[in-house]
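Residue numbers (my numbering), protein chains in the order written: chain A, 1 to 450; chain B, 1001 to 1450; chain C, 2001 to 2450; chain D, 3001 to 3112; chain E, 4001 to 4112; chain F, 5001 to 5112.
Read the hints as simulated data drawn from the structure, not as lab findings.
Take every hint as true, because none was put in to throw you off.
Derived lysine to aspartate or glutamate pairs resembling EDC-like cross-links, with alpha carbons at most 16 Å apart:
| id | chain 1 | residue 1 | chain 2 | residue 2 |
| --- | --- | --- | --- | --- |
| 1 | F | LYS5002 | E | ASP4095 |
| 2 | E | LYS4002 | F | ASP5095 |
| 3 | E | LYS4002 | D | ASP3095 |
| 4 | B | LYS1307 | F | GLU5050 |
| 5 | E | LYS4002 | D | GLU3097 |
| 6 | F | LYS5082 | F | ASP5014 |
| 7 | E | LYS4002 | E | GLU4062 |
| 8 | D | LYS3002 | D | ASP3075 |
| 9 | D | LYS3002 | D | GLU3097 |
| 10 | C | LYS2307 | A | GLU425 |
| 11 | E | LYS4002 | E | ASP4095 |
| 12 | D | LYS3002 | E | ASP4095 |
| 13 | D | LYS3002 | D | GLU3067 |
| 14 | B | LYS1307 | C | GLU2425 |
| 15 | C | LYS2356 | D | GLU3050 |
Note that the structure is a prediction, hence the values are computed from the model and not measured.
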Amino acid sequence: MKLLKKVSLAAAAVLGVTALLAAPASAAVTDETAFVLNTFSFLVHGFLVMLMAAGFAMLESGLVRTKNTAAICLKNIALYSVAGIMFYVIGYNLMYVDVGSYIGSFSLLYNPSDAELALINAEEATDEMVAEVVGNGYSVMSDWFFQMVFVATTASIVSGTLAERIKVWPFIIFVVILSAFIYPIQASWTWGGGFLAELGFTDFAGSTLVHSTGGWAALAGAFLLGARTGRYSGAGVRPMPGANLPLATLGTFVLWFGWFGFNGGSQLALGSAMDAAAMAIVYVNTNLAAAAGVVTAMILTQVLYGKMDLTMCLNGALAGLVAITAGPDLQNHFLALVVGGIGAALAVFAVPVLDKLKIDDVVGAIPVHLVAGIWGTLAVGIFGSGSFVAQLTGVVAVGVFVTAVSFVVWYVLKATIGIRVSAEEEEMGLDRAELGLEAYPEFGRGSQKL
Amino acid sequence: MKLLKKVSLAAAAVLGVTALLAAPASAAVTDETAFVLNTFSFLVHGFLVMLMAAGFAMLESGLVRTKNTAAICLKNIALYSVAGIMFYVIGYNLMYVDVGSYIGSFSLLYNPSDAELALINAEEATDEMVAEVVGNGYSVMSDWFFQMVFVATTASIVSGTLAERIKVWPFIIFVVILSAFIYPIQASWTWGGGFLAELGFTDFAGSTLVHSTGGWAALAGAFLLGARTGRYSGAGVRPMPGANLPLATLGTFVLWFGWFGFNGGSQLALGSAMDAAAMAIVYVNTNLAAAAGVVTAMILTQVLYGKMDLTMCLNGALAGLVAITAGPDLQNHFLALVVGGIGAALAVFAVPVLDKLKIDDVVGAIPVHLVAGIWGTLAVGIFGSGSFVAQLTGVVAVGVFVTAVSFVVWYVLKATIGIRVSAEEEEMGLDRAELGLEAYPEFGRGSQKL
Amino acid sequence: MKLLKKVSLAAAAVLGVTALLAAPASAAVTDETAFVLNTFSFLVHGFLVMLMAAGFAMLESGLVRTKNTAAICLKNIALYSVAGIMFYVIGYNLMYVDVGSYIGSFSLLYNPSDAELALINAEEATDEMVAEVVGNGYSVMSDWFFQMVFVATTASIVSGTLAERIKVWPFIIFVVILSAFIYPIQASWTWGGGFLAELGFTDFAGSTLVHSTGGWAALAGAFLLGARTGRYSGAGVRPMPGANLPLATLGTFVLWFGWFGFNGGSQLALGSAMDAAAMAIVYVNTNLAAAAGVVTAMILTQVLYGKMDLTMCLNGALAGLVAITAGPDLQNHFLALVVGGIGAALAVFAVPVLDKLKIDDVVGAIPVHLVAGIWGTLAVGIFGSGSFVAQLTGVVAVGVFVTAVSFVVWYVLKATIGIRVSAEEEEMGLDRAELGLEAYPEFGRGSQKL
Amino acid sequence: MKYIVAIIKPAKLDAVREALVDIGVQGMTVSEVKGFGRQMGHKEIYRGAEYEVAFVPKIKIETVVDEAVAGQAVDLIASTAKSESIGDGKIFVLDAESALRIRTGETGAEAL
Amino acid sequence: MKYIVAIIKPAKLDAVREALVDIGVQGMTVSEVKGFGRQMGHKEIYRGAEYEVAFVPKIKIETVVDEAVAGQAVDLIASTAKSESIGDGKIFVLDAESALRIRTGETGAEAL
Amino acid sequence: MKYIVAIIKPAKLDAVREALVDIGVQGMTVSEVKGFGRQMGHKEIYRGAEYEVAFVPKIKIETVVDEAVAGQAVDLIASTAKSESIGDGKIFVLDAESALRIRTGETGAEAL
Ligand SMILES: Nc1ncnc2c1ncn2[C@@H]1O[C@H](COP(=O)(O)OP(=O)(O)O)[C@@H](O)[C@H]1O
Ligand SMILES: Nc1ncnc2c1ncn2[C@@H]1O[C@H](COP(=O)(O)OP(=O)(O)O)[C@@H](O)[C@H]1O
Ligand SMILES: Nc1ncnc2c1ncn2[C@@H]1O[C@H](COP(=O)(O)OP(=O)(O)O)[C@@H](O)[C@H]1O
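Same shape as in the complex, but just chain A (with noise of 0.2 Å):
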């Protein structure tokens, strides 16, 4: 279990160093080669949690309405690519640099150590160089990738409630403003080293600091936007069926992809055998999760509803895979069958009851990421190795901070330059209304070829 997903690596790095005197230097892992590959272990997990960007955008363009599909599209290219560069600018040194028990520094830009740019420009890379280098434990640059990628995963969801209504500029103005200061302040309290890492609160991979922040987020935004035109009108949910199920599947699938460097990743070192079997564990942990989130929404709706949902089934993985992010490094595998399962379960109920308040959350992220997430922070409470009230005083403490701030930006958009379309552009689509072509041509009622 890491506390801090920094320091923790120093400790790594000393038990690499430990091993070392204790064992014949043969046997154990170098500190230079441990470094590589605790650096490429960022590297190759931070490119699968990239991915999950297109795994989103996969998921919502098969959940929103054709004449909507383009829209989404752009905002998550955009909220990836925003979420990258104000992480870049600011949100990063805010997160990890000097935090003290709430904020970290509000210093600008964060690049290569001075160190490593040493050694890299060395005519003859001395001994010294390289030892310095090494003695960070990983490339400050492989962290900051990999670190970076949570921060597009929290937009992400964002994007997913509020789709079908939302203007594109404020949308990507919250964005901005989720990435380089609501998600980094909360996160230096957990993975900084502030308040909460003390308090013993401990999310591995980020349950509550990635997952339930963008929930929190999205239903500010959601309760402030309003549902979509009909959606509640009269008696009863209007559905609004999503337009392509295959590419909600193979989002899905891709989420699921990305997850193993999302939760493996999140062991945040490869340098020993310690943590090369941890990190297995952790990979055989979120699978198991993920696939009792299916079957669990597989038999829940086959029995509420007399049919599988293709949608609710979709949801239980990831519900699944949010659920066990908290936690994966549980050490028996069954547990994360009963974590994830549960999950699932909680995000298949969550679905009617959030239409019963009339909060219109088009992909479902509120049930998935948002409960399935509050559980999985707990449950670490429960089945694992942290503290129930540390873990719901974590949970608490971060809804209540991203929900307030996050009302705040949004009700100051609506104010200002308004976060929704008119119903006319509604009614037409987002795709025609604000990007002014359409995500399929050709099919359909718009279609170009007459």
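Chain A is fixed; fit chains B, C, D, E and F with the ligands onto it per the hints.
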């Protein structure tokens, strides 16, 4: 060439040690480093194979008709989930734990080793703890993860053949039995070190153990399930063109991508220069065989039908991959072109033959996985290091066992709960009949825009 | 910065050794470990680049009209296959084996080294065997694999520009010549250590060698092939909107994902802390340049056209990636934003310019790969370590050679078998005309449901 | 019997259907069409090139009704489909000589 | 000449086409439509919310035939398209004043 | 008023629309249809099995015009849509009893 997918590792470890003693310590790979590399190889190659589940889902989504698309998506994510769970519950133990000649242990669940847990939970890791863990050569759960994804592949093959007419639940039940018993038992004969291994039968990554096994199970099912209504009515064959060929193309590329994990990871070790060099050879053969498959299918369909058939070219790529899977360690890469090309040719010719036999294989899984799988396995006896007789014996033994057991299982399912939807449901499409929704609700006939 | 994509490795190995002697053996990376890591880096980054073939296939499938979708899918899987085979048959040798100033060896086929086969086949690996293999720094076939996937990228670029009107077979023939001769010969000048390398021209991962090369070949083809019928008839340009923008978006994300392999792997080594740190820097620059490209395109299209154009934003991401590819080792990441942003801006402006010139580039490959590729190469002479004159020389030399040879090849093809389908076939669509099937048989006009 | 062809805005379909049902119209057949008329299509920009989409999506309702209710049906469709904005559509009435219900073989008014 | 409009179940299209060809009908035009009638649409559940799909997929066949064969054609369509189950569809007959074959300029019966 | 139904080749749509506009036809409604006629469908091979695609894609234009211009409109459509190759299509003319512009309530010729 690895006879036993597990035992070999010990060998690798040993070799590591030898090299270690022989060479100046500073030059060789240390034991712990080898452990980390072996483990990481399982994880990286494992996540590649995991993505093949998405590849199969897209391939099949693209090759069925729209009205059955959501159902095939559901089956694909369900089978991947169920296969993983069953392999955890019992499959792995039947395949690898205390394997005699014909079957492993009936014990339940498979969890991390005590040595690993001891190391992970240690306040201070002692030298002995590390040594004990490292002694195994790789982390136990990393191996489980890599083995698990193979089971899912076997199940995916079945779903493609039986698409568009099989009921979801009976199919799931078959997958439970396939992944819990049928696959592990026959796999134990070879990779578990059973009688086929002793006989000298060799199957590097599973042309027979994985692909033909899936093919035989699919064949038995197709025989009992019958063809899609109207498929062979009256004169000749009525084609039912796949509804979304870009998705089928994407699926094929993704499978090709995953195959580097499938074959490359089956080197089973990365802890020495020898293993690294051998793994690179596997990658190259895998890619060349697939490429030869595509080109062969292009030329053949051009010559035979006067037009290139995209779906056949996709099948050709996969047939090339399946064919090389039994022996991707060929030391002259030119032979990979030969093996892959012949595999593709056999698949192209097998497609109409199956139609003659009125065996309705929706996506061509039998030509690709069974026919090319048999060829690839025998090819090891021709071009590779294996003995032809041993290879033939393996093909027959596995074929008889899998077909017989699958037939019985399908038969019982058919006689009890039934495996086929009604004619009306088939006409309506499995999506509406079994899932109560549509994969593309806004396109074409079923459009919910009206 | 690597002048020679191969030679550098020797350097890396040497450095490894130096560090070794200098430092206490136990602290450094051992030679064999470095060999394994270098090899694994080639394999991992190689499979990432391989997936770019799928990315191009989806991008192009999404940007053509439905009636030409299956044909573009076929071309994409065919070109990847053919390029790989031809690079094995002769390309690699022309590029890397005994390169003088202008060309390598005309020898055929490329197989594992005797040293590696000796080690792999040894009953008992001797110390010397290992040392001899390790001496090479990386496994020879892992390098071949990584180099091979680059050729396919070059060919993919061509297919996008010429889509919707070129005949399949002539295109394939061009790909044969491109991957067997045109690409390897010009690449040998730089990465093979030829005259451009001596001149000090540098191209880290191929802005010029890969992307501009593809762009020049496409330009020559587009010029001789002519525009799609009706595209420039009468006043102004008649747009022919891409039929499936979610697929185009997916393709862009997949390309972005693969680009970490493209640029990251071009560090060519992972066997030391220096290489690992440098590789991480490459990853970060790659991501930031693409992100800047997206944001730039969003803002530009909003300002220029009053609406964001999704397809231009996708182009922007790719233009940013192409631009940074020549020098992703920038040590101040802020510059990556500048390089990527300018690359995207140039691409956005180039699109209408090409239309003015009546050069019909279906997917915008020329603005993205040629224009941004030139910019990125020159940028190394501005922000990076390269000399502007040397960079310019390289751009011109490669441009002249590739354009001239491509023009001749296209010309001969046109004069002999012809390269363009008939007007009727074009109206009917290449899918029915050349493949005799439809990509989406159930949707829209061609629906086979009737 | 009258064969009524109504071209309306897609958003109005449900309202029109319900209105017709209320006055006892038992059936109708609907299709997605493209319309050209006074409501000009819109200009769009794609990759920097401006172009005109000449046709606008419309819904065509075909319903055969008894002489007696024809006028009422037309008025009802008109009032329900009206949005006062350009492009509301048209209603055409043709004469239908006969109608037949396939299932029962009934003809004339019974068939509607 | 008579303008026959037949709304049938999609599954019956091929049978009807062949039947018509047998009695010498040389051409027809077909479109995918949605039907509303006695055969009510079906209920579906999506993400826990039940809803009604009001319209059912149907096929519309339009064929213009000579006065003489009109009756026979209608009966034939009716008998072939019949499945006795609700939703079999309707056949309407209108009068067509003229027909013209674009390719040849032929008019009247020759044009059919 | 006349109700003109023209079945043409998809490629001819733009030309026909412009021609009609030139003679003052203010509106038309277009749909994608499948045609069966003398122009037989084409054979295709899929995965080694040959089959016949019976129907060919066509465009159906419906336009209601004033008695006066009907003849001219028909001739114009015919001349514009003609390619002399089989499958050019047909033009049918029916009588329309009334027309109504929903937006304004205008009827008769004003409604067109
Ligand atoms: N003469 C006509 N014949 C057939 N359809 C017509 C005719 N005129 C208009 N339409 C249909 O009615 C729709 C609306 O007509 P339009 O002139 O655009 O607006 P408005 O109904 O407000 O006058 C058109 O899109 C077209 O589908
Ligand atoms: N009055 C009508 N006008 C136009 N189409 C009709 C009418 N009545 C029925 N239809 C078409 O016929 C189809 C079948 O009619 P329906 O009443 O559902 O079953 P049945 O034909 O068995 O009575 C409907 O779906 C609709 O498309
Ligand atoms: N009797 C008919 N009724 C309705 N539509 C017809 C009829 N005959 C032909 N058509 C339509 O006209 C199209 C062209 O007719 P076809 O006989 O194929 O060629 P041509 O118009 O050159 O004789 C057909 O595809 C069909 O859509």
